Amino acid sequence: MKKFEYVIKDKLGIHARPAGIIVKEATKFSSSIIMQKGEKSIDAKKIFALMSLGVKNADSISITCEGEDEEAARDSMENILNTNL
Amino acid sequence: MEILKGKSVFNGVAIGKILFLKKETGKIKRVKVENTTAEADRFELARQKAIEQLGELYEKALAEVGETSAMIFQVHQMMLEDQDYIDSIKNIIQTQKVNAEYAVGVTGDNFTKMFLNMDDDYMKERAADVKDITERIIRVFNNEDNKIETDEPVIIAAEDLAPSETIQLDKSKILSFITRKGSINSHTVILARSMNIPAIICIGDELKEEYDGKSAIIDGFTGTIYIDPDAKVKEEMLNKKKQEEERKALLLDFKGKENITKDGQKINIYANIGNSSDIGEVLKNDAGGIGLFRSEFLYLEKNTFPTEEEQFNVYKYVAESMAGKKVIIRTMDIGADKQIDYFNLPKEENPAMGYRAIRICLTQKDIFKTQLSAIYRASSYGNISIMFPMIISVEEVKEIKDIIKEVKKELNEIGIKYNQDIELGIMIETPAAVMISDLLAKEVDFFSIGTNDLTQYTIAIDRQNSKLDKFYDPHHLAILRMIQMVTENAHKNGIWVGICGELASDITLTEMFLKMGIDELSVASNLVLELRRKVRETDVEILKSLASQSVPSYL
Numbered sequence: 754m755k756k757f758e759y760v761i762k763d764k765l766g767i768h769a770r771p772a773g774i775i776v777k778e779a780t781k782f783s784s785s786i787i788m789q790k791g792e793k794s795i796d797a798k799k800i801f802a803l804m805s806l807g808v809k810n811a812d813s814i815s816i817t818c819e820g821e822d823e824e825a826a827r828d829s830m831e832n833i834l835n836t837n838l
Numbered sequence: 005m006e007i008l009k010g011k012s013v014f015n016g017v018a019i020g021k022i023l024f025l026k027k028e029t030g031k032i033k034r035v036k037v038e039n040t041t042a043e044a045d046r047f048e049l050a051r052q053k054a055i056e057q058l059g060e061l062y063e064k065a066l067a068e069v070g071e072t073s074a075m076i077f078q079v080h081q082m083m084l085e086d087q088d089y090i091d092s093i094k095n096i097i098q099t100q101k102v103n104a105e106y107a108v109g110v111t112g113d114n115f116t117k118m119f120l121n122m123d124d125d126y127m128k129e130r131a132a133d134v135k136d137i138t139e140r141i142i143r144v145f146n147n148e149d150n151k152i153e154t155d156e157p158v159i160i161a162a163e164d165l166a167p168s169e170t171i172q173l174d175k176s177k178i179l180s181f182i183t184r185k186g187s188i189n190s191h192t193v194i195l196a197r198s199m200n201i202p203a204i205i206c207i208g209d210e211l212k213e214e215y216d217g218k219s220a221i222i223d224g225f226t227g228t229i230y231i232d233p234d235a236k237v238k239e240e241m242l243n244k245k246k247q248e249e250e251r252k253a254l255l256l257d258f259k260g261k262e263n264i265t266k267d268g269q270k271i272n273i274y275a276n277i278g279n280s281s282d283i284g285e286v287l288k289n290d291a292g293g294i295g296l297f298r299s300e301f302l303y304l305e306k307n308t309f310p311t312e313e314e315q316f317n318v319y320k321y322v323a324e325s326m327a328g329k330k331v332i333i334r335t336m337d338i339g340a341d342k343q344i345d346y347f348n349l350p351k352e353e354n355p356a357m358g359y360r361a362i363r364i365c366l367t368q369k370d371i372f373k374t375q376l377s378a379i380y381r382a383s384s385y386g387n388i389s390i391m392f393p394m395i396i397s398v399e400e401v402k403e404i405k406d407i408i409k410e411v412k413k414e415l416n417e418i419g420i421k422y423n424q425d426i427e428l429g430i431m432i433e434t435p436a437a438v439m440i441s442d443l444l445a446k447e448v449d450f451f452s453i454g455t456n457d458l459t460q461y462t463i464a465i466d467r468q469n470s471k472l473d474k475f476y477d478p479h480h481l482a483i484l485r486m487i488q489m490v491t492e493n494a495h496k497n498g499i500w501v502g503i504c505g506e507l508a509s510d511i512t513l514t515e516m517f518l519k520m521g522i523d524e525l526s527v528a529s530n531l532v533l534e535l536r537r538k539v540r541e542t543d544v545e546i547l548k549s550l551a552s553q554s555v556p557s558y559l
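Chains A and B supply the protein sequences, listed in that same order.
Numbering (my numbering) for the first sequence: 754 to 838.
Numbering (my numbering) for the second sequence: 5 to 559.
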């Protein structure tokens, strides 16, 4: 299991476009990728769930990757968040 | 006859029938079904078809407007592939024994509510996306097409037009745009300008859907819309349209003529281009050269960095097509509002003041050197100049020159010929560059004033924000003084100066620019002849004797 935390810098938070980018990237991996904000956690491969999480600017989220390619998944998700959010 | 008023954003008269782009679909009926498996299969087929349509739209949008705007179609695809969404629909079909349309509608409503209940205005707007995909599937069930179904050209009326909608429109069938909302910098406006058709925005709720199919006249000169015009208005407007057409025809008389004032002062009138396919318009309108070749499109059109060879071919083509006339290539201005995924630019709080343009080039020098090398190679095929965007210091210019030396050395080593003395210029688009223009002028061969960014940075107004429209004064004295200062500093140091921003085509400022002694104006191709006429009608000597016409001095 690989886990990391991230604080959102984008003004709009995880809006439609970055949500699309995250899902697109997450579905490339066989590992499960779970995003957690506060109490709530969702499957980062599902766009509606991701958007319903309502992640905003300055929110702290954590990502947990678990499975065969968890390391690559973690690196890739970190990169995607750094570049887009 | 009814008369509506709005804000005109492009002149002209259009006469035709209104086509209101409606977004809602008809009522969905609830029908009992026995074979729920067959019904679920029906949904599956429609879903696949909708995904396929979105894929086509994505490709089309990618080619026409770029990755950022096209992304919305991929998001819609993902929504249709979302397991929770699919499960909900199939579940409703099976448990309630109902038709697929109804299940899609109910699920759509539920997901819409989820967004509407979020305490985030931006996410509330996502309800529109859910509505959009629901409607797409319903249309597939009904075998409906989203294209404009008309043989004759129409006036497009809408709430507002998003890039995702305009991409679907058949441009040859559009006479005019009229919208309830919009801002002067919205997509509708840009599209109308590029298509040369009248457009009126901010009409409000007066623009009713029931006008769909009615005859109307759009007067883009006054921002007036006549619904079911009476005979008198019709005649009046037909006359106005005729006059406008005559005026355009008259402009053709100015083809082949010099850009010279009555008292013999000359000025160069060049064209701005954003793509090599714009060359046709440049030649058709008899521009004296290309004053701003926005090279970004080479990067925006691709999914990965364009190679030196690809760039070289484009620059060579443009240089050859212009047959010895000047072609000023601006090195890539990526960043700010032009984002590209493969650049992997970090997210910024304030992109307009962030990592963009020359700042990227001086950091990721490989990208810069590839472009410079391609330009230098193409320089043997025509009259190419280079200019650099977003300059704020003399040091930057010196660093650029050092990089150019390296590029030249590498070309020498492999024995490629190029023009040794390409003219090098800089964009003056930051207040910093204005204030040190005396020092910068000693380092370069020319200045080109980019008034759009310069205005934004000087009066601290974000042009995308429609709330600020009333504060936005393109003729702000601060800007006019800056232009004068830059011109004086350029001429004192023996270099030429041009303007390539929107102000260049502002006919109300042409006299002032001539008086300042601006050497070049670079404008959209379709405005070249209009500007030439204005220049030929002006007498600078007479203007100079009128003190009221000058910019109040900054000294």
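Source of the hints: derived by calculation from the structure; they are not laboratory data.
Quantities reported herein were computed from a predicted structural model and do not represent experimental measurements.
Do not take every clue at face value.
[Stated by the list, open to error] A short list of chain A residues far from chain B (calculated; beta carbon distances all over 10 Å):
hint	residue
1	754
2	755
3	756
4	763
5	782
6	784
7	787
8	791
9	809
10	821
11	822
12	824
13	828
14	831
[What the hints assert, rightly or not] In the DMTMM-like style, the derived pairs of lysine to aspartate or glutamate whose C-alpha atoms are separated by at most 20 Å in a straight line are:
hint	chain 1	residue 1	chain 2	residue 2
15	B	413	B	370
16	B	259	B	534
17	A	764	A	823
18	B	330	B	523
19	A	777	B	534
20	B	496	B	534
21	B	351	A	824
22	B	185	B	213
23	A	777	B	71
24	A	777	B	63
25	A	809	B	71
26	A	781	B	345
27	B	471	B	341
28	B	351	A	758
29	A	762	B	124
30	A	764	B	449
31	B	405	B	352
32	A	781	B	88
33	A	764	B	370
34	A	790	B	341
35	B	94	B	139
36	B	270	B	545
37	B	21	B	370
38	B	266	B	71
39	A	777	B	449
40	B	446	B	427
The beta carbon of each residue, even a glycine, is placed where N, CA and C say it ideally should be.
Hint check:
Distance check on residue 754 of chain A: its Cβ is at least 23 Å (rounded) from any Cβ of chain B, clearing the 10 Å threshold; non-interface status holds. No beta-carbon of chain B comes within 10 Å of the beta-carbon of residue 755 of chain A; the shortest separation is about 21 Å. Distance check on residue 756 of chain A: its Cβ is at least 22 Å (rounded) from any Cβ of chain B, clearing the 10 Å threshold; non-interface status holds. Against the 10 Å criterion, residue 763 of chain A falls within the reach of chain B, whose nearest CB is about 5 Å from its own CB.
With a cut of 10 Å on Cβ distances, residue 782 of chain A stays outside the contact zone with chain B, its closest approach being about 16 Å. Residue 784 of chain A, annotated as away from the interface, keeps every beta carbon of chain B farther than 10 Å; the closest lies near 17 Å. Distance check for residue 787 of chain A against chain B: the nearest CB is about 15 Å away, which clears 10 Å, and the non-interface claim stands. Under the 10 Å C-beta cut-off, the non-interface status given to residue 791 of chain A relative to chain B holds; the minimum distance is some 14 Å.
Chain B draws residue 809 of chain A into its interface by the beta-carbon criterion, the shortest separation being 6 Å against a cut-off of 10 Å. Its beta-carbon lying about 21 Å from the closest one in chain B, residue 821 of chain A satisfies the requirement of being farther than 10 Å from that chain. The claim that residue 822 of chain A is not at the interface with chain B holds, since no C-beta of that chain comes within 10 Å of its own (minimum 20 Å). Listed as outside the interface, residue 824 of chain A is consistent with that label: its C-beta sits roughly 20 Å from the nearest C-beta of chain B, beyond the 10 Å cut-off.
With a minimum CB-CB distance of about 14 Å to chain B, residue 828 of chain A clears the 10 Å threshold, and the non-interface call stands. Distance check on residue 831 of chain A: its Cβ is at least 12 Å (rounded) from any Cβ of chain B, clearing the 10 Å threshold; non-interface status holds. At most 20 Å may separate the alpha-carbon atoms for a hinted pair to count; residue 413 of chain B and residue 370 of chain B meet this at roughly 15 Å. Restraint check for residue 259 of chain B and residue 534 of chain B: satisfied, since their Cα atoms lie roughly 10 Å apart, inside the 20 Å limit.
Under the criterion of a C-alpha separation no larger than 20 Å, the hint pairing residue 764 of chain A with residue 823 of chain A is inconsistent with the structure, at around 29 Å. Simply put, residue 330 of chain B and residue 523 of chain B have alpha-carbon atoms about 14 Å apart, close enough for the 20 Å limit, and the pair holds. For the hint pairing residue 777 of chain A with residue 534 of chain B, the CA-to-CA distance comes to about 49 Å; that exceeds 20 Å, so the pair is violated. Pair hint residue 496 of chain B plus residue 534 of chain B does not hold up; C-alpha atoms about 30 Å apart against a cutoff of 20 Å.
Of the pairs offered as hints, the one joining residue 351 of chain B and residue 824 of chain A is violated, with about 23 Å between alpha carbons and a cut-off of 20 Å exceeded. Restraint check: the Cα-Cα separation between residue 185 of chain B and residue 213 of chain B comes to about 14 Å, which is no more than 20 Å; the hinted pair holds. Distance hint between residue 777 of chain A and residue 71 of chain B is fulfilled; the C-alpha atoms sit about 14 Å from each other, no more than 20 Å. Taking the CA atoms of residue 777 of chain A and residue 63 of chain B, the gap is about 16 Å. The hint holds against a cut of 20 Å.
Under the criterion of a C-alpha separation no larger than 20 Å, the hint pairing residue 809 of chain A with residue 71 of chain B is inconsistent with the structure, at around 24 Å. Between residue 781 of chain A and residue 345 of chain B the alpha-carbon distance is near 17 Å, which keeps this suggested pair within the 20 Å criterion. Proposed proximity of residue 471 of chain B and residue 341 of chain B is supported: the alpha carbons are some 19 Å apart, at most 20 Å. Restraint check for residue 351 of chain B and residue 758 of chain A: satisfied, since their Cα atoms lie roughly 17 Å apart, inside the 20 Å limit.
The hinted pair formed by residue 762 of chain A and residue 124 of chain B meets the criterion: a straight-line CA distance of about 16 Å does not exceed 20 Å. Between the alpha carbons of residue 764 of chain A and residue 449 of chain B the distance comes to roughly 41 Å, so the proposed pair goes past 20 Å and is violated. Between residue 405 of chain B and residue 352 of chain B the alpha-carbon distance is near 29 Å, which puts this suggested pair outside the 20 Å criterion. With a CA separation close to 19 Å, the supplied pair residue 781 of chain A and residue 88 of chain B stays within the 20 Å bound.
Annotation: proposed proximity of residue 764 of chain A to residue 370 of chain B is violated, straight-line Cα distance about 31 Å (limit 20 Å). A distance of roughly 30 Å separates the Cα atoms of residue 790 of chain A and residue 341 of chain B; the hinted pair therefore is violated under the 20 Å criterion. Of the pairs offered as hints, the one joining residue 94 of chain B and residue 139 of chain B holds, with about 17 Å between alpha carbons and a cut-off of 20 Å not exceeded. For the hint pairing residue 270 of chain B with residue 545 of chain B, the CA-to-CA distance comes to about 13 Å; that is within 20 Å, so the pair holds.
At roughly 54 Å between alpha-carbon atoms, residue 21 of chain B and residue 370 of chain B are farther apart than 20 Å, so this suggested pair is violated. The hinted pair formed by residue 266 of chain B and residue 71 of chain B fails the criterion: a straight-line CA distance of about 48 Å is larger than 20 Å. A distance of roughly 47 Å separates the Cα atoms of residue 777 of chain A and residue 449 of chain B; the hinted pair therefore is violated under the 20 Å criterion. Under the criterion of a C-alpha separation no larger than 20 Å, the hint pairing residue 446 of chain B with residue 427 of chain B is consistent with the structure, at around 13 Å.
The structure fails hints 4, 9, 17, 19, 20, 21, 25, 30, 31, 33, 34, 37, 38 and 39 (numbered hints given earlier, in ascending order).
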